[in-house]
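K.L.:
Protein chains in written order, with my numbering: chain A, 1 to 229; chain B, 230 to 528.
Think of the hints as simulated: they come from the structure by calculation, not from any bench.
Keep in mind it's a predicted model, so treat the numbers as computed, not measured.
Some hints here could point you the wrong way.
Here's a subset of chain B near chain A, in silico, CB distances under 10 Å, partners left out [to be verified]:
{"id": "1", "residue": "D343"}
{"id": "2", "residue": "V370"}
{"id": "3", "residue": "K421"}
{"id": "4", "residue": "D433"}
Where a beta carbon is used, it is the ideal one built from N, C-alpha and C, also for glycine.
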Amino acid sequence: MQDIWENYDLFLKAFGLTLGLLVVSGVLSLLLGIFLAALRVGPVSLLRRLAAVYVTVARNTPLVVVFIFFATVGPRLGYTFNSVEQLDIGGYHVSGYFFRSCLALTLYTSAFVCEALRSGINAVPLGQAEAARAIGLTFAGSMRQVILPQALRAAVPPLASVQIALAKNTSVAAAFGMLEATARMKFFINRNADDMVLVFVIFALGYVLIVEVISFGANRFERRFAAAR
Amino acid sequence: MRIPTRFKAATAALLLAGSLAACGDAGSDDEGSDVEAEEVEEGKFEEGSKMAELAEAGKITVGVKYDQPGLGFKGATDELPSGFDVEIAKLLVADLGIDPEDTSAVDYKMTISDNREPFLQSGEVDLVLASYSMTPERQQVVGQTGPYMVTGQQLLVKKGSDITGVEDLKGKEVCSVTGSTSLENVEAEGAKPRGFETYSECRDQVLDGTVDAMTTDGSILLGYAALNPDELEVVGEEFSEERIGVGYPKENPEMCEWINGVIEESIENGDWAAAFESTLGKSGAETPEPPALDECPAA
Chain A
1 MQDIWENYDL FLKAFGLTLG LLVVSGVLSL LLGIFLAALR VGPVSLLRRL
51 AAVYVTVARN TPLVVVFIFF ATVGPRLGYT FNSVEQLDIG GYHVSGYFFR
101 SCLALTLYTS AFVCEALRSG INAVPLGQAE AARAIGLTFA GSMRQVILPQ
151 ALRAAVPPLA SVQIALAKNT SVAAAFGMLE ATARMKFFIN RNADDMVLVF
201 VIFALGYVLI VEVISFGANR FERRFAAAR
Chain B
230 MRIPTRFKAA TAALLLAGSL AACGDAGSDD EGSDVEAEEV EEGKFEEGSK
280 MAELAEAGKI TVGVKYDQPG LGFKGATDEL PSGFDVEIAK LLVADLGIDP
330 EDTSAVDYKM TISDNREPFL QSGEVDLVLA SYSMTPERQQ VVGQTGPYMV
380 TGQQLLVKKG SDITGVEDLK GKEVCSVTGS TSLENVEAEG AKPRGFETYS
430 ECRDQVLDGT VDAMTTDGSI LLGYAALNPD ELEVVGEEFS EERIGVGYPK
480 ENPEMCEWIN GVIEESIENG DWAAAFESTL GKSGAETPEP PALDECPAA
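So that you can see chain B by itself, here it is in the shape it has in the complex (with noise of 0.2 Å):
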């Protein structure tokens, strides 16, 4: 049977048409800012230096959360974690003149509270952003720099709920990851402690009413709260401070002024605040004030 040639070509549009379409479609929920890869010219890493190492190989390894809205967050379906967390890491990603988006190129690897420690110190991650606390225990055994951000840890709870700040706690359940500093806080508080294995478990506790409230850092909580706005709110003051850093492999000190650099640099050119809108910022919080970094540790 012989097809008329106009019916062909009408069919070959359409199908065109359709396929432009569904691409249009999956570009459109893109989270986060466009960040494009540098050049790299000779000379802008030192030789040896560990990041001349990683521009060099076009490869490199980041570790990121993936349950945490807002900060690190990867769904089911998501080629990219997205993320505060997650943009910042893009910045040092393009610094080094990786495409930050090309998957081939950049694993973003996702690491829970436990193992940030054990991945930067077997060379399993070259970078960890992922709500990591700078302290000094883990400057022992690993590079920390920072801070990008300065958090508190608050509580989400219940819509109703009689809890309204920390001294509410006593005597309540209080739910949070295993083994995390925010659960020992509330502990301190005479609350007692639940910890879950991820935080979207913990969420469900506070949902479904076995804990009374849910306790770890206000961004992680607002991004919970944006999620859920009916059912969920944060209360409470921050009470506690929590300053958030890159992690570092800590037999490469030289890392520590190259991350603050782009750190320092992003603030200044406004790329931070276009990380933070384009993130936590969508739950309504206020863009606030970038905080000072720390020195880096004479090398």
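Chain A on its own, in the form it takes in the complex (with noise of 0.2 Å):
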């Protein structure tokens, strides 16, 4: 427990990073799961298909494979993406393990935010993609102002339980080189053999922290926009 106190740093360090992987990976699957869902109801049936094999692919592989295959397997392909640690955003370089992780859990997790949006859109009645084409409007133009709208809200709850699957699974990155904050509670634990329960409750905590913000934040989002019908 003291061992906590003194070395808070490195407990906000950690679920810093736990953040920074859910955050990053949480915005593009979000953007990669929207495309994917468009493309999943689009008129081509060339990409509808497509993207119905890649979801398919990505629900069915469990992350940790999907985590080896680009911590692992890629770097042994020559795929290491250490390139990524010369670019400088703002004075902060990114390392070739944070932008592997993040990919990992984007590729994985847009899936799920696909299903979730497919969901969404399936609950806008029908009537409203009518009455969009009816007034001309083309298939990405009804879709950005009539369908995606109203799907986004419908898809709140989904796409929030996603989000919270998302920022459990950012621990997958512990046993891949990433210091996050399920990686930095093995130190804790290794260190403080006589305290190993109060160190796992403290750091499970976090995790609690994190997700009630985030179901905070739904469903105060679902409250607001409501659909109403």
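Both chains are sitting in their own frames, so use the hints and assemble them into the complex.
P.N.:
So, in structure tokens, the structure goes:
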């Protein structure tokens, strides 16, 4: 316990990294997920099928396997992504490990985002799409201005679940070189064999806090923008 | 159709010879020294002690590591784990009158760094010999005695790397197993710590060039360098001191004197040195001076 008090900066840094993984992969997977959902309901049958194949593969592959691919198999094939370390973003250098982890989390999560959104799109009455077509909107236009705004609102609860799952899934990165909260917890447990349970509880509370913030935000969002029907 | 008797005899002889040859092959790659079970005399162990209980049952569970060549290692097709930790474990098992090679009597259970204390606390294992550093925090919850080896942390790098010692680590990526003391030590030196589940994954990262160095006890690194002598090398001086000991359940303090006794005897009669030579010594390391054992806490 005292060990965590004295090293609270390590504790905060670890959860900072967890949040970093969550925010970056969360935003990227949302964007990729929206794109995939649009392909899946779009008019081009080849793209529809490609997106369906992608979602099926990504959903049926355990996250650990995706991580193994990017952390272990990729480098063996020559894809180390170490070149991202040359990029300077406001004086901060992204590490190859962070990049690989975000890639794995994004590709995995976006399949779930896509499916959550598709459920939202299905909740939009067909008449809305027909009306959009009738006033001369293109597919892209009707998606952007009519369907997606309503679909996103309807999809808030499942999307929140996907993001909550993502928050917890970041812990998989612990086994692949990222010193995020779960990996740091193992440090503290290793050092404080006599206080194991307490260390565990403190780190678990950190995750609970993150998840509570997401579900609170989703709740607020849902209430404020609920589609009135 | 009748088969001539002579032909049958010849076939039988051939088959027999073939099966004998196969037996010979299977035995030849056996690693480590042969440790024979000792006869346990009446009254060797105090009645009611854990040792008497184990000797009586003729069964024991020992926690060892499976992924540290030279210390505790078990390949996919190996029946028994091998390594220095395992050799010391065999001496202890043999002292209880149990055949250390008999897998139906001895269960060499795989432990990882994280579960050694829980395994001892829950009675999942009777002893732990798994590159187990002795620390005051661990001794709060489990019994530890020894050390039967003193080692220090070093660095494993790709041949020709510009890292030659711990002072070159600033800003470099260094891997080890998640949550290990070794990783903590290099973090304090300014390196970026990269934790993996197993040492072999970490070694692969060094080979792939995604990390600059791997760190843990020098003895473990020597084992890996010996497996890949063209690509990997161990560099720098040892920069920490790890005292490797035997873990036992805290509620059985009587085991401490027994463990120390067996280790001391093995140091005196040369078994300890033989155990080292047949395992870690193979990578070219010289057999060190045996360490001095700690006193057991008053029971």
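K.L.:
Each of the hints needs a verdict: does it hold here or not?
P.N.:
Consistency of the hints with the structure:
1. D343: 6 Å, holds
2. V370: 5 Å, holds
3. K421: 7 Å, holds
4. D433: Given a least distance of 7 Å, the restraint on D433 of chain B holds.
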